[in-house]
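Model the placement of chain L on the given structure of chain H, informed by the hints.
Protein chains: 2
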Amino acid sequence: MPELRRDPIVGRWVIIATERAKRPSDVVRVHESAPARLCPFCPGHEDKTPREVYVSGRPPSSPANGPGWKVRVVPNRYPALMIEGDLEREANGIYDRMNGIGAHEVIIETADHTKDLGNLTDPEVTEVLFAFKARIVDLRNDLRFRYILLFKNHGPAAGATLEHAHSQLIALPVTPRYVQVEIEGARRHYDHRERCIFCDIVMQERKERSRLVYENDEFVVFAPWAPRSPFETWILPKRHESNYEVEPKERLGYCAQALRSTLKRLGAALGDPPYNFILHSNPLRDAPSPSYHWHIEVMPALAHSAGFEWGSGFHINPVPPEEAAEFLRLVVT
Amino acid sequence: MPELRRDPIVGRWVIIATERAKRPSDVVRVHESAPARLCPFCPGHEDKTPREVYVSGRPPSSPANGPGWKVRVVPNRYPALMIEGDLEREANGIYDRMNGIGAHEVIIETADHTKDLGNLTDPEVTEVLFAFKARIVDLRNDLRFRYILLFKNHGPAAGATLEHAHSQLIALPVTPRYVQVEIEGARRHYDHRERCIFCDIVMQERKERSRLVYENDEFVVFAPWAPRSPFETWILPKRHESNYEVEPKERLGYCAQALRSTLKRLGAALGDPPYNFILHSNPLRDAPSPSYHWHIEVMPALAHSAGFEWGSGFHINPVPPEEAAEFLRLVVT
Numbered sequence: 007m008p009e010l011r012r013d014p015i016v017g018r019w020v021i022i023a024t025e026r027a028k029r030p031s032d033v034v035r036v037h038e039s040a041p042a043r044l045c046p047f048c049p050g051h052e053d054k055t056p057r058e059v060y061v062s063g064r065p066p067s068s069p070a071n072g073p074g075w076k077v078r079v080v081p082n083r084y085p086a087l088m089i090e091g092d093l094e095r096e097a098n099g100i101y102d103r104m105n106g107i108g109a110h111e112v113i114i115e116t117a118d119h120t121k122d123l124g125n126l127t128d129p130e131v132t133e134v135l136f137a138f139k140a141r142i143v144d145l146r147n148d149l150r151f152r153y154i155l156l157f158k159n160h161g162p163a164a165g166a167t168l169e170h171a172h173s174q175l176i177a178l179p180v181t182p183r184y185v186q187v188e189i190e191g192a193r194r195h196y197d198h199r200e201r202c203i204f205c206d207i208v209m210q211e212r213k214e215r216s217r218l219v220y221e222n223d224e225f226v227v228f229a230p231w232a233p234r235s236p237f238e239t240w241i242l243p244k245r246h247e248s249n250y251e252v253e254p255k256e257r258l259g260y261c262a263q264a265l266r267s268t269l270k271r272l273g274a275a276l277g278d279p280p281y282n283f284i285l286h287s288n289p290l291r292d293a294p295s296p297s298y299h300w301h302i303e304v305m306p307a308l309a310h311s312a313g314f315e316w317g318s319g320f321h322i323n324p325v326p327p328e329e330a331a332e333f334l335r336l337v338v339t
Numbered sequence: 007m008p009e010l011r012r013d014p015i016v017g018r019w020v021i022i023a024t025e026r027a028k029r030p031s032d033v034v035r036v037h038e039s040a041p042a043r044l045c046p047f048c049p050g051h052e053d054k055t056p057r058e059v060y061v062s063g064r065p066p067s068s069p070a071n072g073p074g075w076k077v078r079v080v081p082n083r084y085p086a087l088m089i090e091g092d093l094e095r096e097a098n099g100i101y102d103r104m105n106g107i108g109a110h111e112v113i114i115e116t117a118d119h120t121k122d123l124g125n126l127t128d129p130e131v132t133e134v135l136f137a138f139k140a141r142i143v144d145l146r147n148d149l150r151f152r153y154i155l156l157f158k159n160h161g162p163a164a165g166a167t168l169e170h171a172h173s174q175l176i177a178l179p180v181t182p183r184y185v186q187v188e189i190e191g192a193r194r195h196y197d198h199r200e201r202c203i204f205c206d207i208v209m210q211e212r213k214e215r216s217r218l219v220y221e222n223d224e225f226v227v228f229a230p231w232a233p234r235s236p237f238e239t240w241i242l243p244k245r246h247e248s249n250y251e252v253e254p255k256e257r258l259g260y261c262a263q264a265l266r267s268t269l270k271r272l273g274a275a276l277g278d279p280p281y282n283f284i285l286h287s288n289p290l291r292d293a294p295s296p297s298y299h300w301h302i303e304v305m306p307a308l309a310h311s312a313g314f315e316w317g318s319g320f321h322i323n324p325v326p327p328e329e330a331a332e333f334l335r336l337v338v339t
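Taken in sequence, the protein lines are chains H and L. Plus 6 on top of the position in the first sequence (first one is 1) and you've got the working numbering. Plus 6 on top of the position in the second sequence (first one is 1) and you've got the working numbering.
Same shape as in the complex, but just chain H (with noise of 0.2 angstroms):
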């Protein structure tokens, strides 16, 4: 059984989770890069990943588990969680533990071997978005979780093992601490203000236009003030609000509009870098929130390593958010 731990300084859990790694040499982690007919996630190998727990496509005669999906979501075969049990929180000494509890879930972005989430039509990013409301809103039934957390791993660089286009969910009985930090700093910010602090940044950065990237009806993309590596990219809804998982379909459309403009127009100015994503949204059954707004930062993972800034908090960007946006704006896609 994986473990959750605590560390009693900062308040930071981890995952040990020892089903991942059997031996220490094992810590290194492996790229497989397996052709499309030994890949468990391409169509027709739905037997070589668990039973899927949401499936969008499919005709309504085709069998489970078979091929005809557009996009499949199954747990993962090598989960950093477990899905059964009780949490059993308990002390040791000073320090605190749980029983690693939690979903771990993958989504399958397309049944094309060939495609990533980039260069998708607008409707098919659209269904990806879909399924992760779907899966937070069947999760979130459950009343061991607190948080759910949507992200991406693109390329081996970014910590992705398979090629086939895929994200990932995992389930957590805790809020991870940076977006812990997130929700108390907007709290603050609006208890001086009265206003929403992604707000406020959504209003400034389209009036500035210099850290702009894209912006449609609903959605703004940019690079923020701060950026903690070249080319982040943060994705914010215009329109305040706190939970993703109440977004109607039409406006996970405009949405998918800009994250896939994002990820082309980082694609024609990187050369295909290795990326992460993570969504970020309010916790599991919190009430609908003035202070806190979902939305979805893009990382690529261009440094070698990160350690130094890892271990400090503090980052050193040679690149100015300016610099990039105007990269990203002007770059032909």
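Selected chain L positions facing chain H (in silico; Cβ < 8 angstroms):
id : residue
1  : I22
2  : A23
3  : G165
4  : I203
5  : S318
6  : G319
Ranges between beta-carbon positions, derived for each pair:
id : chain 1 : residue 1 : chain 2 : residue 2 : range
7  : H       : E328      : L       : R95       : 17 to 23 angstroms
8  : L       : G91       : H       : D278      : 36 to 42 angstroms
9  : H       : R43       : L       : R193      : 57 to 63 angstroms
10 : L       : R95       : H       : Y196      : 21 to 27 angstroms
11 : H       : Y196      : L       : R291      : 32 to 38 angstroms
12 : H       : M7        : L       : V337      : 23 to 29 angstroms
13 : H       : D128      : L       : H51       : 53 to 59 angstroms
14 : H       : N222      : L       : R194      : 41 to 47 angstroms
15 : H       : D128      : L       : D118      : 56 to 62 angstroms
16 : L       : E332      : H       : N125      : 45 to 51 angstroms
17 : H       : K244      : L       : L93       : 31 to 37 angstroms
18 : L       : G91       : H       : N222      : 37 to 43 angstroms
Derived by calculation from the structure, the hints in this document are not laboratory data. The structure displayed is predicted, hence computed values, not measured ones. Yeah, the Cβ is synthetic: ideal placement off N, Cα and C, and Gly gets one too.
Leaving out everything else, chain L in the frame of chain H:
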């Protein structure tokens, strides 16, 4: 002039260091594996670095910026921050910025191009740790600086760009966020219990022993309860002390033993892994703190990327610290 920018939501400061990259394509770090005859840190090449700000081991007769030294500290030729100028703090709408004022120095740990910190002698490592102290004591007189971060990147995968053994120092006008979070967490513990949380941790680790790696009269080395990555290892003084720079040379000798033993064990266990270490100490000119406790955090850079973890603050670690510690205890060094 580089710039310091503050993220308005979470309060994180970022250095926008435009001097370090001229074009977006420069952002991918390149490792220079210069042979000793071209290495700017080797004896005889002192003219290839800026003029030294500290040196040890050079006979009184030999001139500055020539050979004969054991440890040499020079300004970084490609500094992330500039030493000359005023901070000029200012607002830009809801955003905050200041000039990128600070010091960025390189501590050349040995004259021998073939050696690393893990295979120097204890007295040689002591000289390096004493150089850290001497630089803090000198730089803290500059009232523009609030914090001095000492760190080491070893190996290209951990961000090192030169092979010759060296560590780095960055003097900052702000306290890095992770240090701030540690200080606040430690203060909360002290407010409740009137005990230093680091002293509590030292006590529990020495009693439980399952995460203990090494100890001598003055220092203890262990795998922390909730490690962010496999084989993360902490080095703490047993006696309470908030400020590194007040340690007498004799105690730094014990620290050198602990550090060298740690690096040697990691090297033997994992085959000369890339690693980072960070020295965390009380902010400059703060009164000695009963709640904070200086320490060194060593992190092997084993996983290919920590992009997701880095973006979420959530860490998945496949190696329990008890297993890592046992491995490091038993390894032949």
